[in-house]
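Protein chains in written order, with the working numbering: chain B, 1 to 274; chain V, 1 to 274; chain W, 1 to 274.
Just so you know, these hints were derived from the structure itself, not from any lab.
Nothing here was measured: the structure is a model prediction, and the numbers come from that model.
Wrong hints could be hidden among the right ones.
Only pairs whose alpha carbons sit at most 27 Å apart, straight line, appear in this in silico DSS-like list of lysine-lysine [as the list claims (entries may be wrong)]:
| id | chain 1 | residue 1 | chain 2 | residue 2 |
| --- | --- | --- | --- | --- |
| 1 | W | 270 | W | 194 |
| 2 | W | 102 | W | 157 |
| 3 | V | 237 | B | 238 |
| 4 | V | 238 | W | 237 |
| 5 | B | 194 | V | 237 |
| 6 | W | 270 | B | 78 |
| 7 | W | 194 | W | 161 |
| 8 | W | 270 | W | 161 |
| 9 | B | 237 | V | 157 |
| 10 | W | 194 | B | 237 |
| 11 | B | 194 | V | 157 |
| 12 | V | 161 | V | 112 |
| 13 | V | 270 | V | 157 |
| 14 | B | 194 | W | 157 |
| 15 | B | 161 | B | 102 |
Quick list of the computed label-pair ranges, beta carbon to beta carbon [what the hints assert, rightly or not]:
| id | chain 1 | residue 1 | chain 2 | residue 2 | range |
| --- | --- | --- | --- | --- | --- |
| 16 | V | 12 | B | 68 | 31 to 39 Å |
| 17 | W | 190 | B | 154 | 14 to 22 Å |
| 18 | B | 172 | V | 11 | 17 to 25 Å |
For every residue, glycine included, the Cβ atom is placed at its ideal position computed from N, Cα and C.
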Amino acid sequence: MFDQIITNVRNNVPLVHAITNYVTVNDCANIVLASGGSPIMADDINEVTDITSIASALVLNMGTLNERTVASMLAAGKQANQCGLPVVLDPVGAGASAFRNKTAFQLLEEIKFSVIKGNISEIKFLAAGEGKTAGVDACEADKVTEENLKRVADFAKAFSKRTGSVIAITGAIDLVADEDHVYAVRNGHLMMSKITGTGCMLSAVTGSYVGANPDNVLKATAAAVCGMGLCGELAYKKLCELHGGTGTYRMLLIDEMSRLNEIMLEEGAKYECL
Amino acid sequence: MFDQIITNVRNNVPLVHAITNYVTVNDCANIVLASGGSPIMADDINEVTDITSIASALVLNMGTLNERTVASMLAAGKQANQCGLPVVLDPVGAGASAFRNKTAFQLLEEIKFSVIKGNISEIKFLAAGEGKTAGVDACEADKVTEENLKRVADFAKAFSKRTGSVIAITGAIDLVADEDHVYAVRNGHLMMSKITGTGCMLSAVTGSYVGANPDNVLKATAAAVCGMGLCGELAYKKLCELHGGTGTYRMLLIDEMSRLNEIMLEEGAKYECL
Amino acid sequence: MFDQIITNVRNNVPLVHAITNYVTVNDCANIVLASGGSPIMADDINEVTDITSIASALVLNMGTLNERTVASMLAAGKQANQCGLPVVLDPVGAGASAFRNKTAFQLLEEIKFSVIKGNISEIKFLAAGEGKTAGVDACEADKVTEENLKRVADFAKAFSKRTGSVIAITGAIDLVADEDHVYAVRNGHLMMSKITGTGCMLSAVTGSYVGANPDNVLKATAAAVCGMGLCGELAYKKLCELHGGTGTYRMLLIDEMSRLNEIMLEEGAKYECL
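Bound-form chain B, shown alone:
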């Protein structure tokens, strides 16, 4: 189903403007490059609109946010909306502090997002203004399982309808939804939760994919989610051969993204349309 998504990325080399956290920013830059895009990180209020103006996509990631960067996110987001650029939101840790909560709601109110990507706790928090998050990881009680899959899918569709955004909910099972369609994705590996930044990297890759496929945001997002998960599986396979640990795994994950192509994705993607 992903025919031209990756090819478009590798041919068009979308410039991805990311305002993101300083914890995983290097991984995000490297995985955007690995995915076929070109990253540019710039967060000063004096230049974000200039940078957004020359970009193909904007990614706003709420990890390590601060007052200075929140203002920059708002300015860049509005500029992107004005230019018709796709904007991806990664509401890292939404629910974990009053400041993140306020910021998340303000971003949702003032910016139109093409994609909102988070774990179930973060997305539920955004949708409901309630729920709890334990740090930046999804709380145990709030997993997407085979049992609640249908319910969460309906929730994702409803939230997509309300926001006009493609909603990507990550977890053991990932969901990618617009108001009419939901894909359940079963790619990925538990090992991905043992390194920092796999969520951030996914939102960065999503920026790259939607940047090169702005008219096909749902499929581009699903391709990013399947692709990232598939890279996680392939990296784990390689890790076992190398008898490596989590440090090696982080490296292999970017390796696999740098090799990913159309054929591998079609063969390796495990999704169903709910």
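Chain B is already provided as a structure; the job is to place chains V and W on it using the hints.
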């Protein structure tokens, strides 16, 4: 001697709130995960107390500090003290600038630390308000050697008594002291000084270990020091097999931490009680 | 031609003060260490002059610059000039926003640089106040080729004469020029553009090399450019044996720098004096 320390970490998955430098923050996050904890980096004054409130430990690292983050460190530290959370101080580069010096003394005055971890120059500077540091590495003239070991041990105990903190002094020989006990640790490898961040990673792992073992801070700190050093040795062994350089070594160090368990630590730890 | 350059670095362990971006800062710190130097990153206005005063070289890198760090760059640069310390400018993304442009020109006006290192778009922008940059990469139309080599060489010499700085222009062919000499360097590998930070790492290594060879800035810069490119080649060779991707390549690049010595450089450097 470390019976339950690591098991407690892997079972409890302590949330470690770190306000740290942007140079080594990714390594710190990844090694906290590798150690069995869960990292959260947040440094905005508007949210640090919220984040500290849900954490199991707080780590304050003075690398790349700035006025904004100093205020956040103070707020988070006070909150941690109020919640009874263990707080680890890594006074990176104390002695190198008037600003770091002032900050270090202010942190010491306003916050009660469970652990203070630094190289001998940094710790001497904190204790005496004198001494010199050449950048962020210990000055040559100030090494812990077999000759001055006893003297430095007494100094560490006295500083522990004065501050009420466990004192960890890192170098070729590491010392971990409270006011009554001193462990000399001979784990580690020279190669650890050829990559950035091994000191920061140790303080992050210490946060993880004391976060899961708040009633056993001395042993948890000693376990972190021995464990980190042991990982440095194991990583070097692997490095020789792979004929790698310092880039590979950095990765292997995190690999080894992700594998470390109770048995490996008991067998590999090289410490003596002075 | 590089007889003592690397030996001086490994013997003197120059302290390199870098005010740089948070995307590639860890790679910069690790490659300074790998090159034989000692990195210190500090960017608060309250301490940059203190830190510069104890350093052997200062590197100013404009990636992710912001108002706070621009003020720090100016203060540190002036202090370095006063102390007679070599200063390296990496005008990342000059031309991409009004803020970067203004900052670049202000830095050029207020600070005397020993070395200015950028891609052809960035350097042309600095020299002419015109030209366009697409994000942080050189625009296609603006490559250094065998055809325009002589012309770009003359341009580099003229810009060196005007600024008093050694000019390093990076690309498929690199140029290193003072007002009387130009070296064309044909080291390097295309793979270096597939990871973030190779440009930043080069300016960091240049800081290390000129810091230990302050009286030989032209050759030290040429050595850094050849050395970095050579490491890129050697890393690619190793990458093919390992069947790795871009994640592995990043690691191998630092590995190679940690091994680089005088003899390897003399044998592997591909330069001609134009």
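Going down the list of hints, with the structure as the test:
Annotation: proposed proximity of residue 270 of chain W to residue 194 of chain W holds, straight-line Cα distance about 22 Å (limit 27 Å). For the given pair, residue 102 of chain W sits about 24 Å from residue 157 of chain W by alpha-carbon distance, which is consistent with the 27 Å threshold. For the given pair, residue 237 of chain V sits about 21 Å from residue 238 of chain B by alpha-carbon distance, which is consistent with the 27 Å threshold. Of the pairs offered as hints, the one joining residue 238 of chain V and residue 237 of chain W holds, with about 21 Å between alpha carbons and a cut-off of 27 Å not exceeded.
Distance check on the hinted pair: residue 194 of chain B and residue 237 of chain V sit about 24 Å apart at the alpha-carbon level, within 27 Å; holds. Using a Cα cut-off of 27 Å, the hinted pair residue 270 of chain W and residue 78 of chain B is violated, with the two alpha carbons roughly 48 Å apart. At roughly 33 Å between alpha-carbon atoms, residue 194 of chain W and residue 161 of chain W are farther apart than 27 Å, so this suggested pair is violated. Taking the CA atoms of residue 270 of chain W and residue 161 of chain W, the gap is near 25 Å; set against the 27 Å cutoff, the hint holds.
A distance of roughly 49 Å separates the Cα atoms of residue 237 of chain B and residue 157 of chain V; the hinted pair therefore is violated under the 27 Å criterion. The straight-line distance between the Cα atoms of residue 194 of chain W and residue 237 of chain B is roughly 24 Å, inside the 27 Å bound, and the hint therefore holds. Taking the CA atoms of residue 194 of chain B and residue 157 of chain V, the gap is about 37 Å. The hint is violated against a cut of 27 Å. For the hint pairing residue 161 of chain V with residue 112 of chain V, the CA-to-CA distance comes to about 13 Å; that is within 27 Å, so the pair holds.
Distance restraint check for residue 270 of chain V and residue 157 of chain V: the Cα-Cα separation of roughly 20 Å lies within the 27 Å cut-off, and the hinted pair is therefore satisfied. As the CA atoms of residue 194 of chain B and residue 157 of chain W are separated by approximately 51 Å, the hinted pair breaks the 27 Å bound. Proximity of residue 161 of chain B to residue 102 of chain B is assessed by CA-CA distance (about 22 Å); at most 27 Å being required, the pair is judged to hold. For the hinted restraint 31 to 39 Å between residue 12 of chain V and residue 68 of chain B, the CB-CB distance of approximately 35 Å keeps it satisfied.
For residue 190 of chain W paired with residue 154 of chain B, a C-beta distance near 48 Å fails the hint of 14 to 22 Å. The beta-carbon spacing between residue 172 of chain B and residue 11 of chain V, approximately 21 Å, falls within the hinted interval of 17 to 25 Å.
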